[in-house]
Amino acid sequence: MWAGAVLIVLIAVFGIYKAATYDSTAGLTVSAISSTDWTKGTPGKPVLIEYSDFQCPACAAYYPVVKQVVSEYSGRIQFSYRHFPLYELHKNALESSYAAQASGKQGKFWEMHDKLFERQKDWSDLDDPKPTFEQYAKELGLNVDTFKKDSASTEVRDAVAQSRASGEAADVGGTPSFFFNGKRLQNPPGLEAFRAALDYYLSQSPVQTTSK
Amino acid sequence: MPNKKTVWFMIALSFLGFLDATYLTVKHYAGTALVCNIFSGCDVVTTSKYSEILGQPIALLGAIYYLSMFFFLLYYLDSQKAKVLSLAAYVTVTGFIASMTLMYIQGFVLKALCEYCVFSALTSTILFLCGATILWKSKRLRDD
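Respectively, the protein sequence lines represent chains A and B. Numbering-wise (our numbering), the first sequence opens with residue 22 and increments by one. Numbering-wise (our numbering), the second sequence opens with residue 5 and increments by one.
Pulled out of the complex, with its shape left as it was, chain A reads as follows (with noise of 0.2 Å):
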């Protein structure tokens, strides 16, 4: 009965580090960055893309992480969000992708971005969070009827689902998703093993990549 368990118990194991290991997306590679992508860092470096949702509570939890270490890297990566609202969760991630592009569109992408990351709470459970998007549009100092006429025009909302369509594309699942140089990266647990990650893959890269 012992050897019979032990065999069972060591059989369960090796199933389940398989199973946990198994990573679907390998060889899974990402569009690269285009001209219409939001960036930061310095072009020409290796590429990390963030594929997220402004109301997913896992995006906002790896934000301030994100922020951390594309301010630490910047000289040494280019770093891209893509829009992956996950409407079918959240009920107002479009909304807010949209804010976010249409305040792009007066230069202020990156600064509603943090924005909608770090006030995620106050606007997720709203039914109609425009007016709460335009209060932040104002504080930011965009140009409100500009930005409520972005915020519902054909082109932000295009740009919103092809960005959401690549990553369909490459098999995004779930937000945050993370691609360094076209590649999946497994999401790191925290800063330091954010940090760990870039290092090992920089180390791994040492040849510039062409951003285009």
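These are calculated hints, taken from the structure and not from any lab test. In this text the structure is predicted, and so the values were computed from the model without any measurement. Using N, Cα and C, we set each Cβ at its ideal position, and we do this for glycine too. Each hint should be verified, as a subset may be incorrect.
With a straight-line cut-off of 20 Å between C-alpha atoms, the simulated EDC-like cross-links for lysine to aspartate or glutamate are [to be verified]:
id	chain 1	residue 1	chain 2	residue 2
1	A	204	A	192
2	A	61	A	220
3	A	88	A	71
4	A	126	A	176
5	B	115	A	143
6	B	53	A	213
7	A	126	A	160
8	B	115	A	146
9	A	126	A	179
10	A	66	A	109
11	B	115	A	139
12	A	204	A	109
DEER-style ranges, computed between Cβ atoms [as the list claims (entries may be wrong)]:
id	chain 1	residue 1	chain 2	residue 2	range
13	B	16	A	223	45 to 53 Å
14	A	216	B	141	50 to 58 Å
15	A	224	B	16	42 to 50 Å
16	A	42	B	81	30 to 38 Å
17	A	38	B	88	25 to 33 Å
18	A	224	B	111	37 to 45 Å
19	A	213	B	65	32 to 40 Å
From chain B, some residues computed to sit far from chain A (all C-beta separations above 12 Å) [to be verified]:
id	residue
20	8
21	49
22	71
23	86
24	88
25	91
26	95
27	132
28	134
29	143
30	144
Got chain A; can you put chain B on it based on the hints?
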């Protein structure tokens, strides 16, 4: 043996709990994102500062707990020593208290749930109820 069915049931539960906790442990060390299907916020829970104790993932403690319970109960079936069973029954209280604490942290501190953790809370609660039943029965036998 009066409790044989209950003990087999507990062995099965311990095994399921062990699979669940092992999965979380491997995910923790591999640093891969958890796939949440039911609740949102798996990542929030499993990467929070509460997910580790003394630098080790709590999931690992869970896996050790369930595995110990699994072998301990098998040892009881093998040896039929009543003391072994009552000791195992007492240990389920620890698992229950630990799970309740973790559920409290998820629900009230992090305000995010992780379904693998909820499943573990469920298995440890049922284990505890089985353990309590066994202790209650043995007390009644002694009293009679």
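Hints and how they fare:
1. Between residue 204(A) and residue 192(A) the CA atoms are separated by roughly 11 Å; this keeps the pair inside 20 Å, and the hint holds.
2. Straight-line distance between C-alpha atoms of residue 61(A) and residue 220(A) comes to about 18 Å, which keeps the hinted pair within the 20 Å bound.
3. Pair hint residue 88(A) plus residue 71(A) holds up; C-alpha atoms about 11 Å apart against a cutoff of 20 Å.
4. A C-alpha spacing of about 10 Å is found between residue 126(A) and residue 176(A), which places the hinted pair at or below 20 Å, so the restraint holds.
5. Between the alpha carbons of residue 115(B) and residue 143(A) the distance comes to roughly 15 Å, so the proposed pair stays at or under 20 Å and holds.
6. Restraint check: the Cα-Cα separation between residue 53(B) and residue 213(A) comes to about 13 Å, which is no more than 20 Å; the hinted pair holds.
7. Taking the CA atoms of residue 126(A) and residue 160(A), the gap is about 16 Å. The hint holds against a cut of 20 Å.
8. A hinted pair counts as satisfied when its Cα atoms are at most 20 Å apart, and residue 115(B) with residue 146(A) qualifies at roughly 14 Å.
9. For the hint linking residue 126(A) to residue 179(A), the alpha-carbon distance of about 14 Å falls within 20 Å, and the restraint holds.
10. With a C-alpha separation of about 35 Å, the suggested pairing of residue 66(A) with residue 109(A) is violated against the 20 Å cut-off.
11. A distance of roughly 17 Å separates the Cα atoms of residue 115(B) and residue 139(A); the hinted pair therefore holds under the 20 Å criterion.
12. This hinted pair does not check out: residue 204(A) and residue 109(A) have alpha carbons roughly 26 Å apart, beyond 20 Å.
13. In this structure the supplied range 45 to 53 Å holds for residue 16(B) paired with residue 223(A), their Cβ-Cβ distance being about 48 Å.
14. Separated by about 55 Å at the C-beta atoms, residue 216(A) and residue 141(B) satisfy the suggested range of 50 to 58 Å.
15. Checking the proposed 42 to 50 Å range against residue 224(A) and residue 16(B) shows it holds: the Cβ atoms sit about 47 Å from each other.
16. In this structure the hint that residue 42(A) and residue 81(B) lie 30 to 38 Å apart at CB holds, the actual value being about 33 Å.
17. At roughly 30 Å, the beta carbons of residue 38(A) and residue 88(B) sit within the given window of 25 to 33 Å.
18. Look at residue 224(A) against residue 111(B): about 41 Å separates their beta carbons, and that is inside 37 to 45 Å.
19. The beta-carbon spacing between residue 213(A) and residue 65(B), approximately 22 Å, falls outside the hinted interval of 32 to 40 Å.
20. In this structure residue 8(B) is separated from chain A by more than 12 Å, as the shortest Cβ-Cβ distance comes to about 14 Å.
21. Its closest Cβ contact with chain A, about 9 Å, brings residue 49(B) to no more than 12 Å, contrary to its assignment away from the interface.
22. The claim that residue 71(B) is not at the interface with chain A is violated, since a C-beta of that chain comes within 12 Å of its own (minimum 7 Å).
23. Residue placement check: residue 86(B) keeps its beta carbon more than 12 Å from all beta carbons of chain A (closest about 19 Å).
24. Listed as outside the interface, residue 88(B) is consistent with that label: its C-beta sits roughly 15 Å from the nearest C-beta of chain A, beyond the 12 Å cut-off.
25. The Cβ of residue 91(B) sits about 19 Å from the closest Cβ of chain A, beyond the 12 Å cut-off, so the non-interface label holds.
26. Residue placement check: residue 95(B) keeps its beta carbon more than 12 Å from all beta carbons of chain A (closest about 18 Å).
27. Distance check for residue 132(B) against chain A: the nearest CB is about 22 Å away, which clears 12 Å, and the non-interface claim stands.
28. No beta-carbon of chain A comes within 12 Å of the beta-carbon of residue 134(B); the shortest separation is about 19 Å.
29. Against chain A, the non-interface label of residue 143(B) holds: every CB pair exceeds 12 Å, the least being about 29 Å.
30. The beta carbon of residue 144(B) sits about 30 Å from the closest Cβ of chain A, which is more than 12 Å, so the claim that it is off the interface holds.
This entry does not satisfy hints 10, 12, 19, 21 and 22, going by the numbered hints stated previously.
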